[in-house]
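Since the structure of chain A is provided, determine the placement of chain B on it from the hints.
Chains as they are written, first to last, in my numbering: chain A, 39 to 146; chain B, 3 to 52.
If you're looking for bench data, these hints aren't it; they were derived computationally from the structure. C-beta atoms are modelled at their ideal positions from N, C-alpha and C, and glycine is treated no differently. Honestly, I wouldn't trust all of these hints.
Negatives, chain A to chain B, calculated, CB over 10 Å [unchecked claim]:
(1) R72
(2) G81
(3) S84
(4) G87
(5) R95
(6) P97
(7) L126
(8) E129
(9) G142
Within a straight-line C-alpha distance of at most 20 Å, the following computed PhoX-like cross-link-like pairs (lysine-lysine) qualify [unchecked claim]:
(10) A:K48 x B:K17
(11) B:K17 x B:K37
(12) A:K48 x B:K16
(13) B:K16 x B:K37
(14) A:K104 x B:K37
Footprint (simulated), chain A over chain B, 3 or more residues, beta carbon under 8 Å [unchecked claim]:
(15) 12-19
(16) 23-29
(17) 35-48
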Amino acid sequence: MDLEDQGLLKRVIDENGTDNVVVILGSPDEESARVYAETVTSGDPSWAGPLAGVSLRLPVYHILEKEMRDEIDPAIYEEHVAMMEMVLDTEEITRAVREVREKGSDLG
Amino acid sequence: MPNGKEVKKMLQGKKAIIIGERDGVASPAIEACLKTVDATPIYSLTQCYV
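In isolation and in its complexed conformation, chain A is listed as follows (with noise of 0.2 Å):
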């Protein structure tokens, strides 16, 4: 995530906090997926931006999560998402999102 991004993340956190918010991602594959998870759990893992070193702890899920598929309405995950399910590596993708979403409701 970059710089900018980063910062207007930081923001929005400051501004509502973290309590009932959960945090969505549409990577296109595990490497960025990951990346992101960690960025909005442990943070920023580059160590270069506002959110270095900020542990969000905020829930974190990928849209081609099956929990998170089964409860959207499928007419609208059929238009807006069913394609790129076919095309991406799912299971690699939501792997690592949940490995990082488990470790960090660990981190206390």
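Structure of chain B alone, referenced to chain A:
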């Protein structure tokens, strides 16, 4: 691992930060999905790497 019902409970009435990506699933598509579970976007961006 949470089942679908638990995730829905997590999303309903929640404030959502959406980080989409042009080569994956863009933010407007995710927003459309979240409307069906009554989550409110408070920040939405679509990353674009070219």
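Taking the hints in turn, this is what the structure says about them:
1. R72: At about 13 Å from chain B, A:R72 clears the 10 Å cut-off, so the statement holds.
2. G81: Answer for A:G81: holds, closest chain B Cβ roughly 15 Å.
3. S84: 15 Å, holds
4. G87: 14 Å, holds
5. R95: 13 Å, holds
6. P97: 7 Å, violated
7. L126: 6 Å, violated
8. E129: 14 Å, holds
9. G142: Given a closest Cβ separation of 14 Å, the condition holds.
10. A:K48 x B:K17: 15 Å, holds
11. B:K17 x B:K37: Holds, at roughly 11 Å.
12. A:K48 x B:K16: 18 Å, holds
13. B:K16 x B:K37: Holds, because 11 Å separates the two Cα atoms, which is no more than 20 Å.
14. A:K104 x B:K37: Measuring from Cα to Cα gives roughly 18 Å; hence the hint holds.
15. 12-19: Coverage by chain A holds here, the residue count being 7 at a Cβ distance below 8 Å.
16. 23-29: holds (count 6)
17. 35-48: holds (count 10)
Violated hints, listed in ascending order, are 6 and 7; each of the other numbered hints is respected by the structure.
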